Amino acid sequence: MAAEKGTLKEAFASGTAAIVSPVGQFYFRGKEYLINGGKTGALAEKLYNEILQIQYGFKEDPFGWRVRIMDGKKAKKR
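Letter by letter, the sequence shown follows residues 1351 to 1428 in our numbering.
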């Protein structure tokens, strides 16, 4: 297993609200494994920042994820 060999560089989970959440350690079969010294990895940080910029409109949305909402109703695309 990569965690036992020390070759596991990073791990993360993603979701709508959390965007990207790094995993600093995990437990498996009674043993604790520390990942990247418990610090966020470069890929997780990059993905988090990219998605956040798309969410807040600082970066173009190449996937059509954003929907403009006005007065509680879906607005027409401009």
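It is worth saying that the hints were derived from the structure and are not from the lab.
Don't take every hint at face value.
Derived DSBU-like pairs: lysine-lysine, alpha-carbon spacing no greater than 35 Å straight-line [claimed, not checked]: (1) Lys1409 to Lys1396; (2) Lys1409 to Lys1355; (3) Lys1396 to Lys1359; (4) Lys1359 to Lys1409; (5) Lys1355 to Lys1381; (6) Lys1396 to Lys1381; (7) Lys1359 to Lys1389; (8) Lys1409 to Lys1381; (9) Lys1389 to Lys1409; (10) Lys1396 to Lys1355.
With beta-carbon atoms standing in for the labels, derived distance ranges [to be verified]: (11) Arg1418 to Gly1380: 46 to 52 Å; (12) Met1420 to Glu1395: 46 to 52 Å; (13) Tyr1406 to Lys1355: 23 to 29 Å; (14) Val1417 to Met1351: 39 to 45 Å.
Predicted model, so just to flag it, every value in this text is computed and none were measured.
C-beta: ideal position from N, C-alpha, C; glycine also.
Quick rundown of the hints versus the structure:
1. Lys1409 to Lys1396: holds, 14 Å
2. Lys1409 to Lys1355: violated, 39 Å
3. Lys1396 to Lys1359: holds, 15 Å
4. Lys1359 to Lys1409: holds, 28 Å
5. Lys1355 to Lys1381: holds, 14 Å
6. Lys1396 to Lys1381: holds, 29 Å
7. Lys1359 to Lys1389: Within the cut-off at roughly 10 Å; holds.
8. Lys1409 to Lys1381: violated, 42 Å
9. Lys1389 to Lys1409: holds, 26 Å
10. Lys1396 to Lys1355: holds, 25 Å
11. Arg1418 to Gly1380: 46 to 52 Å: Hint holds: Cβ distance 50 Å, inside 46 to 52 Å.
12. Met1420 to Glu1395: 46 to 52 Å: 33 Å Cβ-Cβ, so the 46 to 52 Å window is violated.
13. Tyr1406 to Lys1355: 23 to 29 Å: violated, 39 Å
14. Val1417 to Met1351: 39 to 45 Å: holds, 42 Å
This entry does not satisfy hints 2, 8, 12 and 13, going by the numbered hints stated previously.
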